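Could you slot chain B onto chain A? The hints should help.
Going down the list, the protein sequences come from chains A and B.
Each position in the first sequence, counted from 1, maps to that position plus 42 in the working numbering.
Each position in the second sequence, counted from 1, maps to that position plus 42 in the working numbering.
Please note that the accuracy of each hint is not assured.
Treat identical chains as interchangeable: a pair holds within one or across any two.
What the hints assert, rightly or not - Heads up, simulated DSSO-like pairs for lysine-lysine below, C-alpha to C-alpha not over 27 Å straight-line: (1) 86 - 356; (2) 209 - 231; (3) 154 - 181; (4) 176 - 139; (5) 103 - 211; (6) 45 - 86; (7) 181 - 133; (8) 177 - 356; (9) 133 - 154; (10) 133 - 211.
In case anyone wonders, no lab produced these hints; they're calculated from the structure.
Keep in mind the model is a prediction, meaning the values are calculated, not measured.
There are 2 protein chains.
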Amino acid sequence: MRKRYFDHVATNPLDSRVFEAMMPYFTEDFGNPLSLYGLGTKAKEAIENARLQVALLINSKSSEIIFTSSGAEANNFAFRGIALARQNEGKHVIVSKMEHHSILNSARFLEKMGFAVTFLPVDKYGTVDPDTVKKSITKETTLISIIHASSEVGTIEPIKEIGRIAKEKGIVFHTDAVAAAGNIPVDVKELGVDLLSMAAHQFYGPKGAGALYVREGMRIVPLIYGGIQESGRRAGTENVPAIVGMGKAAELAKDEMADRVGQAKKLRDKLINGVSGIENVYLTGHPENRLPAHASFTVEFIEGEAMLLLLAAKGIYAASGSACSSKALKASPVLLSMGVPSNLAQGSIVFTLGKDNTEEDIDYLLSEFPQVIKRLREMSPYAKGWGMKGEGGECTVQK
Amino acid sequence: MRKRYFDHVATNPLDSRVFEAMMPYFTEDFGNPLSLYGLGTKAKEAIENARLQVALLINSKSSEIIFTSSGAEANNFAFRGIALARQNEGKHVIVSKMEHHSILNSARFLEKMGFAVTFLPVDKYGTVDPDTVKKSITKETTLISIIHASSEVGTIEPIKEIGRIAKEKGIVFHTDAVAAAGNIPVDVKELGVDLLSMAAHQFYGPKGAGALYVREGMRIVPLIYGGIQESGRRAGTENVPAIVGMGKAAELAKDEMADRVGQAKKLRDKLINGVSGIENVYLTGHPENRLPAHASFTVEFIEGEAMLLLLAAKGIYAASGSACSSKALKASPVLLSMGVPSNLAQGSIVFTLGKDNTEEDIDYLLSEFPQVIKRLREMSPYAKGWGMKGEGGECTVQK
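Extracted from the complex, chain A is given alone in its bound form (with noise of 0.2 Å):
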């Protein structure tokens, strides 16, 4: 059977000429950057012309990307590093609800280190509204990362709006661009934020790779201390192929960023409004201020797992919202932060579009999901009104 893959937010297939590119560095080019004789030096070469295409990818300076080996590697770094960084000017810093593990449990950190967190509220679509930003300043707050887009209702924030309110303050400005960087134009100038994360493996990059910018200027304690690598900043052996490859991923990504905009936009709003159709099934997150190839909804009455497992036997491959599905169980937080019922959350079901999905894709999707959906609602014991399993967003622990 023909997989159709729908679940681009979990990862990306590797392009097969980001693939090419990284290749070398596995055989004969293998050398340590660090090292003086030709192998290192070349080594070295493939590392800053990587630097260079990621740093054209989002307007920066190639002196201002640190690679880092993922996202969430970026995302600590940068959150935990500033914090502690500015500890002695203020030990209040300032996040959203939106905001991935990777944020939310390092500001859980910073608590048990003595620092006051903000999480900010959403609004049904998961906005987060600039002037509440503004109104949780204090004298104290030193940082403030607000997610770009988030990759479970794929809403895109308003970073701009946020980003001059910091600069006002004068408050560092971090964004994790984890689900954008890549997938729609990202200008760090233009965004007026001071860090910016972001993960090969969400544009076709591999696996094993992040970048983290930093602004010019900007003081930043390291998460991994060591070498000299990444200036001081970021030390290990760098991972080079990795590395490699998230540049080229960047320069296909830039090159090609309309053309898979634009298609992207056309295949989701074909699902979207094919999804829609069905009885009891609600777009989640931001009708219009969504990323491109991001639809997702909630589906009445039945879990997003028992979802999943039925579009997989079809050979159509999506996510859940509901951590439940990707083996956490505890009903979404950023669901249930948006104002969505802890019932409802549960029914959550993530698809997410790449450059490969087809038209045809999308037919046989809106062809088989009306299905499987009703095939669920009639074995369901919630569409017939014997209660709610797990209500309150609790679930047992999947073994």
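Chain B alone, transformed into the frame defined by chain A:
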């Protein structure tokens, strides 16, 4: 010109059998291990298989292995993670002067956070005296971290003896086994360590994969917060191909350990005997208790960097224990702590052999190296008594 690689301590070439094992996870099997459908479970199974392979290499349980992106990350994670987890029990940690910068700089970070750190001295071979460890323990001591084997001088430390002391006193014991694991037999039970760091690219695995052994039941604060990967102890989408590669490399290292060690010792001894015949050249590190593939020297009157460049011109790739040669341009703290005078420390050269080096490689090295030394000494202001540049270990930063 044929290249002869004697810098396995910087990084190893990737074993083609390892690359082959990784390949499918770059292409068809690109799924995210957290995903519930087939692509995800396949990736998850691959990671669990690799975890077992790594566990078998060091005689641990699978559940005691946490994958990281590098040895440096594993060291940071272990060292700070334990110190923070145990800070209510005490704020004193012990390391040696032989440690890698990932430990030394993590220690300095802890000092800034109000911890006391003891930096243990070593003897002229770079060996830590277990009695000195014992004497430096206070009621406040919560963690001892001693390197298993030095990448710079090859000396193997008395880990087992120190492990016994740590256990007696109820102190957590970590060893940085980045240069040791996969290259000499390492058994965490026999060594009596609670945590152990390793890096795949040190035993023919890929860059971008490391691991930390954490003994069952040990509390540790994460370094990278986020999702539920690695049982919530290390977040970030797993670098599946690199992890698979680390597993395969661990399996091969275990299977071929005896042969590799035997061959390395034979070639190393030939190399050491040959080089030791050159005037004013001294072996660094322990003459017997050293890594089987490791031969390191100081060469009087000349600088490591110059040797590296001339050797490279002859197709011989080596390293210099002097950090000057690895672009940091300071005299090696490790050599200085062993009592090597700073002028001699500048003339450090390190040859590290690999499984693919041949006896003919050693013959070639032994025929070329004396000529390199002779030529440099003829040019050297030091040999002519012009005094030392960079006395006291200072040298300018290379641009």
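Practice task
Run the structure past the numbered hints and jot down the numbers of the failing ones, going up.
Solution key: 8
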